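Model the full structure from these sequences, guided by the hints.
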Amino acid sequence: MGMILEVKNLTKKYGGLTAVNDMSFEIMRGEFIGLIGPNGAGKTTLFNVISGFEKPNSGSIRFDGMDITGLKPFRIVNLGISRTFQLVRSFRYLTTLDNVSVACLSQRGKEISNIVGINNYASTLLASVGLIDKARLPPVILPHGDLRRLEIAKALGSNPQLLLLDEPFSGLSHEEAEGIISLINKLREEGLTIFITGHVLRELMNLVPRVIAMVQGKFVIDGPPREVANHKLVLEAYLGRGEGFA
Amino acid sequence: MNVIDQVASDLFSVFLFGSVQGAVFSLLALGFSLVYGVGGVMNLAHGGFYLATMYTFYWCIKVWEQTILMSIIITLIVIVIICILTFVLLIKPLQHTEIGILMATFALAFFFEQLVKVLPWSDNQTHWVPNIIKGNPIELFGINFPVRYLWTIIGAIIVVVIIYIFISKAKLGKSIRAVAQDREAAQLMGINANLIIMVTIIISGLLVAFTTFLYGAGEEVYPSMGWGFLIQSFAIVVLGGMGSIPGSVLGAFIIGYSRTFCSYFIGTQFAEIFPIIIIVFMLVFRPQGLLGKKEVE
Amino acid sequence: MLTKIRQLLSIYKKSIKNFFPSLKAGTKNIIKDLPNQLNNVKMRIFTFKSGLTILCLIILILFPIFPETEYYISILMYAMIFAILAASWDFLVGFVGQISFGHAMFFGISGYSGALLIQNLGISWFASIFLGAIVAIFLGLFIATPCLRLKGPYLALGTQAFALILFNLMLSQKELNITQSFTDLDYILQYFILMGFMIISLSIMLIIVKSKLGTIFKSIRDDQICADASGINTTKYKLIAFIISSFFAGIAGGLYMVKISSVSYGNFLPLYSFYAIIMAAIGGLGTITGAAVGSFIFFIIQEIFSELFSASGGQMEAFANYGPVLVFALFLILVIRFADQGIMKPAVERLKELFDLLMGR
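Residue numbers (our numbering), protein chains in the order written: chain A, -14 to 231; chain B, 19 to 315; chain C, 648 to 1008.
Hints listed in this document are in silico derivations from the structure and should not be mistaken for laboratory results. If you're wondering where the values come from, they're calculated on a predicted model, not measured in any experiment. Take the hints with a grain of salt, since some may be wrong.
Stated by the list, open to error - Derived contacts from chain B toward chain C, CB cut-off under 10 Å, selection only:
(1) C78
(2) E116
(3) E238
(4) S242
(5) M243
(6) A253
Claimed, not checked - Counterexamples of contact, computed for chain B against chain C with all Cβ distances above 12 Å:
(7) K80
(8) L126
(9) E290
(10) P293
Beta carbons are placed, not taken as given, at the ideal position from N, Cα and C, and that holds for glycine.
Structure representation (structure tokens):
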């Protein structure tokens, strides 16, 4: 066990807008953490900075003790952090199996696929998210719920220790969301550390034992869901100057 | 003349002739930059448009030597038609495929080049467009300055100022700026974005036509002339910043002076290459140009 | 190191145990499929498409047997050289998504370097082709490095700008006529040597794009950010793609130089960049073989134009010379507008339908 992700005084500005304002928090190995905040709070920016797609203006990120601030995205993936995207991305002209194979061909993924074979590895991952029967189909014809599953399979291809899920429930029906939740729970049993964002509170609050709340780029509170849900600033951000939150 | 006088004289030549080049390039690059800034389309046929106007003007002058007005009118009509057809047939349908537009406009440029070689009244050779602006060269500090160049500079300044005022103040100009900033938002406000883009392309065509009228008479025409001007325009907007009017003008004059400087002090070969080196340098280190805004991916 | 592998294997084994139900079905399917897969490979050799390819190759091979074909063999030789160039372009653009509008520079620099080497070091024509292609690789790396961050139009115009610089530099160079032994060989032998080069080059490119390396390339083409997020070092692979593409463009350039026994600025003509583009686009981007098809179609049409118009003399001669490119420019625009898959794929599919119909299926 131990600390897997340490974010210190992270700040990211775009011209005059401060998207992430002096955020600091720690995540332990094996934890399951939610990141909440209204739209525009800076959650995706935070993910972008952690996964290397953006460089912070100041602050640091340490992963498993190593400073990964400012590293290129592929290097961060090969150190063990994978992410999904808020707007689902896939390789349009590849089969779903090949979509997963790409991640299996990363440096980190090759550590496994060189031993068991790319197709086996990719097929296994595809099977684990329940999409093996769609292996030879192109992603464009898949329904949204399946695309989210595919994204998770792809993220697993590089054998991550920390998985960043960016709004994995958005656009999903209740059943589809349930499917993703059971998938996440399976991954949790593996010991995978999962950091998940969302701005619809209900699903997250019932799912994770610990929540970090962000409003307008700033850190607000870090604690169990019930505590966070009743915090004044969180309520204000979501409801205006409102009362209780069920 | 001693060395200092020679150098001073050469520098003054660079200033004079560089200004002409700067003026010409302003007009050309402006159109190119506008189309990209507003429509998001890099029109690789821009050089081909210049080819079209120059050749049309040249042929018309050969036919109607007395009245330049006919040549001007016909050239304007031709380029406007070309712009409209290019937009309707090529650009609008292909807007969403980047490779498609690049290849289609690239093919269009080649089409113009070959068309000029193949038309029965034309050939593959280099020709000189007759000089329509009569008058003896002006002597400035010992340097012969052709009168037409005076028209080039003055005309270019007037045109650029008109365009600038148009874009800033006129209703249509404001619509153009709106579409350039955010196409969807503009459409939601009732602006017909497609029409605006077509208008922008027509404006770029008109700018090319004015370049022909103000500068082309007295210059060469040859089938492959389009490519050099395309690359120059690209160099200028990369230098000055895509979609920025002041940037394009600034870039145009910088490149105009540098090229002339290279011609006088280093060698004409280098003058051709210099803008391209600029392109490479800027693209690597400052892709948004000197004055442009950073492109959000 | 070994413990790390054991750790990873144990994680993997745990994954299997926990996803047992769907995995059991999945792996069972795959194992059951295995003899089928082997069968598939056998069957692929006898598919319509392969049959068509083999048929075309047989026609090409047997072509010289027919009488009075010597003139046409010359045309086919050029078609084969440009097939390699167009295929190298398709490799870079259709499979990796990096748009180059300056491929002529690799074509030219290879021929020019090869010619210099022949003239000054007296190497054989065979060696000059490969050494020239290696020079093309260096040029490719030199160009690629600043261009790597560029996308779409910037990359296209950036490469075109480089090619134009090179062309301008070459304008002032004298033409080099070299004496080397390729053109001394028997005409038919030249034909088969070029055919060999074409078949081997295209085969290598096909093998690459169908391999896992090809999958990585296609991922960069489809969504570079997603490829980055999957842990792929896109910069490295784009460089590799440039190396491969410029190498084969260089092979084509070396063959061209050796065939015309000279090198000048004419080897660097921007027109050749255009050739690569139209041939690959008309044949179909992302196919490799389509580029070859496009090349042959181009040269056949060029020959038709020549026969139809040049005899009349006068202005018609201009039409004979420049008409093909004119028509192809128009054709390319039409293809991009209406048939962006090129004509090869749809044509093959139509033929297949016809074939099935004839076979009574």
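Problem set entry | Unsatisfied constraints (hint numbers, rising) | Result: hints 1, 3, 5, 8, 9 and 10 break, sorted rising.
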